[in-house]
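These protein sequences, in sequence, are chains A and B.
Everything in the first sequence is counted per this note's numbering, starting at 116 for the first residue and increasing by one.
Everything in the second sequence is counted per this note's numbering, starting at 40 for the first residue and increasing by one.
Derived from the structure by calculation, the hints contain no laboratory data.
Just to be clear, a hint being listed does not mean it is correct.
[Claimed, not checked] Here are the simulated BS3-like pairs of lysine-lysine, each with C-alpha atoms no more than 27 Å apart in a straight line: (1) B:K386 to B:K347; (2) A:K126 to A:K338; (3) B:K72 to A:K183; (4) A:K393 to A:K183; (5) B:K342 to A:K183; (6) A:K183 to B:K386.
One letter stands for each residue in the lines below.
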Amino acid sequence: MTTAIALPHAKRTLANGLDVIVHEDRRVPIVAVNLWYHVGSKNERSGRTGFAHLFEHLMFEGSEHYNKGYFFPLQQAGALLNGSTNSDRTNYWEVVPTTSLELALWMESDRMGYLLPALTPERFETQRGVVLNERRQNYENRPYGMALMAISAALYPPDHPYHWLTIGAADDLQAMEFEDVRAFFRTYYHPANASLALAGDINAERAFELADAYFGDIPAGEKPSRVRAEASVAREVRLVLEDRVELPRVYMAWHSPAMFAEGDAEADLVADLLANGKTSRLYRTLVYDRRIAVDVSAFQHSRELSSFFLLASTAAPGQSLTEIAAVIDERIQALADEGPTVPEMERGLAQAEAHFMYRLQTVGGFGGKSDQLNAYNVFRGNPDFFGDDLARYRQATAASVGAAARKYLAFDRRVLLSIVPRGQAALALPGSEPVSVS
Amino acid sequence: MARVDRTRLPAPGPDPQFRFPEIVRHTLANGLKLRTVEHPGVPLVTFVMQIDGGLGADAPGREGLAALSADMVDEGTGSLSAIDVSDALARIGADYDVEVGADATLFTLTTLARFAERGATLLSRMLTAPSMHDADFERVRQLRLDRLRQLTDLPPAVAERAFLRLLYPSHPYGHLAIGSVDALRTLTREDVVRFHASTFLPSRSTLIAVGALSHADLVMTAERAFGGWTGGEHVDGFRAPAADVDVDMGTTPQLLVVPREGAAQSEVRIGHLSARRDTPDYAPLLVMNAILGGQFVSRLNMKLREEKAFTYGVRSGFDWRRGVGPFSVQTSVHTAATAESIADTLKEISDLRGGRPATVDELSLAQASLTRGYPRNFETAQQVARSVGQLALFDLPDSYFERFVPNVNAVTVDDVTRVAQTYLDPGRAISLVVGDRSATESSLSGLGVGELRVLPPTG
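If we strip away everything but chain B, and leave its shape as in the complex, we get (with noise of 0.2 Å):
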């Protein structure tokens, strides 16, 4: 073969033609949506079971309730105990996982597809008859407030939690999944048990099973495990969901900084709230961010780490709820570039709304490095279950795969103009830095932004 022209790079060929994976639905006698997915190759499989319910379904006070119940789980089923479980997790090598979002929570278990029925049968019987024994509750609530303790040395987290205060003050999403020290304490088992019998219901779940099974195994083996499940007693005042009670967009830019003298960096997030999943700009949206702190080779990044040095890296994203979701950047800087770090992003965020808008090169590289790799998140069967769990999480079609692509390469230099215009708003941003004060308060209070306030470390 000729040796290469080094003259020029190779022109990509012509995207590769992909076939996403077929989604099956069912509803079975009890409520309970099964989406299956046939994904063969490698004999796995994965079950997803996605409650409706998540952080935001805490109440006022009870922060922490949502995944304090999820937690108690895997802590003991029938005449299975908590180590019980765990022994017949890892006798068919399963990969077990709990994650609490803003709307929903999600069970995923992964074993071999030999175990299919073992594993699903056994995650039902966690599902839907935990023990919650006193003994087991008590330990559990332990650890999570030794964990919120050992959060506070942690910057990213102690960023997160306050800043989604900030974001959500008086508002059911604003707060961390793990809830406070002043919840915890007062939550009980009975809490618990009442939380699980209101939520973890049939009707109120949707189960994916993707795996290398047919659809028609992987719609029995669902059935058998779960088929049984009525749901235990309903609970009267079922609150409203978290997304549709009212948020307060702000109006003025905020400053304030978590003191954490003496630190070597300073921990970034600046942001307001800004769209719900279901906006008709979501497209528009991916490629705008993009461009501007989504990939590494974003207008942020290049100018903060590339450029300047300031950094080890700087992001950008919307976090998707169903309800109002913030817009954010986030970014770890030395602590001599902060005030910098934050004017510069401020200045980055502007010039995409209009005084340095968004270019037809930016544009088709944000469009490409979006569409022309998306066939690699259908590779594994949990990237496929978790795929098909957010379609269910916000209600989009079952032909949103195939539509994807196409929808991001409609999107326009204009476009981006106007949802940067529409979406992001340095006059309402709240800057927050979690780093050493003293080194830092002259030169934020410089950036006009608004009047630096201090919080307390532990929010």
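Bound-form chain A, shown alone (with noise of 0.2 Å):
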């Protein structure tokens, strides 16, 4: 027996392009806006990453008619705000009472329409600072905090837009220009490469009439060209890596299919069924039967041009990351030639129904229920894609899952990194090459 899942919404594209989502649950008071732009770090350039996350701090610094900061008025009004920077998109969001819903949507749309004559080189120069700041308190010092950007530019040549992290790198954060502003805001932050979504205590006729009211007179825009990379991996890379660490860790990357393409969702249930809990095979033989790890994840990282797969184990004390990699060669061996077990399979798909009724339960916010009706907007064209979206792990079968990791999992096509502790390169795999990010 299944529950039905869906999320019902209404959606209407404005003259300037804008496509406007409601969804209406009137359980709190509350109203989620969200505000998706198309822009990422995937449309850097080498030499300028950084600069789509610098920007949405930038977004933050005030309008043309409301020129003093973002967040007093809408915290003044009991909302909770944020948003965030990925490689394919920019998210902005608010959570308002039902009574300033108005207010939220003026300093969105005051912000798409009228960033520019607020902007100055002196809010360009404090927010430079701080993203140097988030760069070295979120990557620089933590621990294993520069493995993702090892991998990544061993995954994508120097040309592919996922070469760099999101991030970007501390040298070009130090280069960029305030001129650079302005030609960015007028390619990528207009009504045509915008995705709105209301959702919560709201009317959805009343929801199009705001829209339209605050976002209806902003200039159309011309919508940005599709970014277009390709990248593989011809042969087994090894590097290393030496850091403040106690444990050394491996990490195993893997090109596979995009986000929503054929394979993804069975990708998905790949990573479950070696890594998530005890009962998964690699946390199972590596951390509970012989002990050798201490922890081991794996993700399907799935993205607009294309995703990659990540395995990563830390050793336990004195224990080698040879034999960690063998024992998790040995374990993608045997899911590739026999496939999933039923109780496997079983498991697998009971968890994806449960989260996908988990992510039912908020109306904004990251992950809610208006980011992702956006994200399926975006992404699909179709907000309505929630029902297809969990079908794709209903209809995955052992078969299916089983082929998954034979074509995406290959040994002869990955790149392993070691990360060791400082002076102990020899920790790493062996043939292991330095590598050095910064």
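Fit the two chains together into the complex; they arrive one by one in their own frames, and the hints show the way.
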């Protein structure tokens, strides 16, 4: 028995090209305003990495008609608000009491239509400094914090926009110029490249009226051309990075199907059955039975242009990464040869069903219903993809999951990264080349 | 519809009405306190078992015992091995989580409403009859020792550990839940069995059940699952609750550095012991903190982030406990800005106490940000269950949610100044830096907030 899951909504497109999606949920007197711009670090170029995210910071500094910082009036209204940038998109959201919805729309539309007059070189300098601190805090000063930079650089060639992380290179951030802001804003921050979702205590007709009143006057822009790029790894690449860590860790990364492409859901299920929970194959072998590792994780990192599958395991004190990697390979090979068992498929589906239901609990914020509607709209052109998304998991079979493991987790086409304590490069997998990231 | 007026911001309408969830109380025959809340909408259910006794229940030299015991709960019960328990949780898509707080330990299980019975039964078996096999105990203890070793790489964890020891020298609150290497090494399976037998008792526990089910169904489900729990043998010599142990509030400022040579940033903690959760000044303290460092537009964040770009962010807050808890400022700043960040923080605290008291505008902004979005905290079953758990933990009345907004709105500017003077004191503040010692030592020594002391990285 399964429970029907759906995310009912209405969608209209304004004359200037802005998609507006509305979902009614009257349980709590709040409305979520969620605005996506289809721009991320994939739209940057080499030498100017980190720009999309730095720009996101500038969106909170004020706009022409309210030029005193974005947070003040919204916090005064009891709103929760934030924004984020990744490789593929930038999102902004407010969750406001029902009676402050117009304030949130006023603020969001003002910065979509009238940001540039409020920007100054001083504000740009300050946010450059804030972002450099964000980078130090979350990457440079964090154990294993530079791993994904090294992995991305090895998986993707230098001209591929996934070669760098969204946070960008420190040198590039230092080199940014205030003048670059205008062109970026004009290219990417306009109605035709955006999607607005309103979810919560709101009537759909009223929501469309308000959206048109606040955003309808903003001039249409030209839809930016799609980024296209290809990447593959033709051999096994072995790298080592020394870091301020106590325990060595091995990462394995493979190219995998793009978000929503054939095989994407299967790769997600493979990640689960390899490393999610004590019942998973790798946790059970490495951490539970043999106790040679302290943790193991696996993750299908789904993205627009292409995805990567990432596996990581940290050695228990005194244990060797070589042995851990050999066990991982053996378990992957077994999965590729024999496919998953019936209990594994049952567990995987039960967890997928429950997690889709968990995603219906909040109207706003990161991962809330408004954010999901925008994700489906931006990446699928169809906010009504919730059921289809779950169906991908329901339709997966033992054969298709086994085939995904066989096809995507090939040993001769992957990046292996060892992160070892400083001065102990010998703890890396044999044949690893030192790599430097900064 | 007419185009909008961009010459002024739309004024918010009156705050919408919200009906806070009704809490129904029961006590089962075995003494287990039960609170149920109907939360329709999404077909889910959350159970929170809140057991009196958190990290503050760890005896001296036994730091980490409460958390280790809690960790053993999903390591097997009856005929189910640790693997079987994990399998059973996965088959109902359960989200299972353990949190060891200062005064209580919370076990949370969320699942689909149609699995309510299975979820409650499984949670009951895990909590009331954990197997505690030797091999599982040894593995779990070793994993926690390994985790402690890894935490020495993580500046926020190093800072939290050292800061708690400085705040609470020789007090049961003075450690992280995970404890210390020395203590974990000496703990045995028998210690865990004894802790479980003396602590995991229905009379010391509150079960909160929230979900898309009726009160009657929630009660029936809880009763079926937990009604037979007898709680094992009582163990003598139970210690006084940590909340009743005297604390030393401190009388002089302290300045300390935990060296992390070459660190790109300094992890900083500034604060001191301050208030108990049952203080009559709870609402004024929330408002005061919002103005000082509890929200994005706070004085501290506007100064250190938006004006000076020293940090990605800075927060202040009270760590509420049954006993006296700390007030602290937490941030991570560029190494070169370490001393100035501490000086600025202490100055902002001093200013709020009198030099530059809160303004009417700051007060109304802080009140609005705390109250107007308040209903947002009741969106998910887990949020509701945890809020109800807080009422149980701190002996607050069920009318607490209704009273929150009026209580916050009753705070005045004078209240803010008064509680800043009463509960904040730079003269006994501990300033702790985890960062590059050689790069910060001379500027830190010039701060005049105590002689610089160096702490070993492992605490």
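For K393 (chain A) and K183 (chain A), compute the direct alpha-carbon distance and say whether it is at most 27 Å. 51 Å, violated
What's the verdict on K386 (chain B) and K347 (chain B), does the C-alpha distance respect the 27 Å limit or exceed it? 15 Å, holds
Hint check: K342 (chain B) vs K183 (chain A), CA-CA at most 27 Å. Holds or violated? 15 Å, holds
Regarding the pair K126 (chain A) and K338 (chain A), is the alpha-carbon distance no greater than 27 Å? Given pair K126 (chain A), K338 (chain A) holds - Cα atoms ~19 Å apart, limit 27 Å.
Below or equal to 27 Å on CA atoms is what counts here, so check K183 (chain A) against K386 (chain B). Holds, at roughly 24 Å.
Is the hinted pair K72 (chain B) and K183 (chain A) satisfied, with a Cα-Cα distance of at most 27 Å? Cα-Cα ~50 Å, so violated.
Hint check: violations occur at hints 3, 4; the rest are consistent with the structure.
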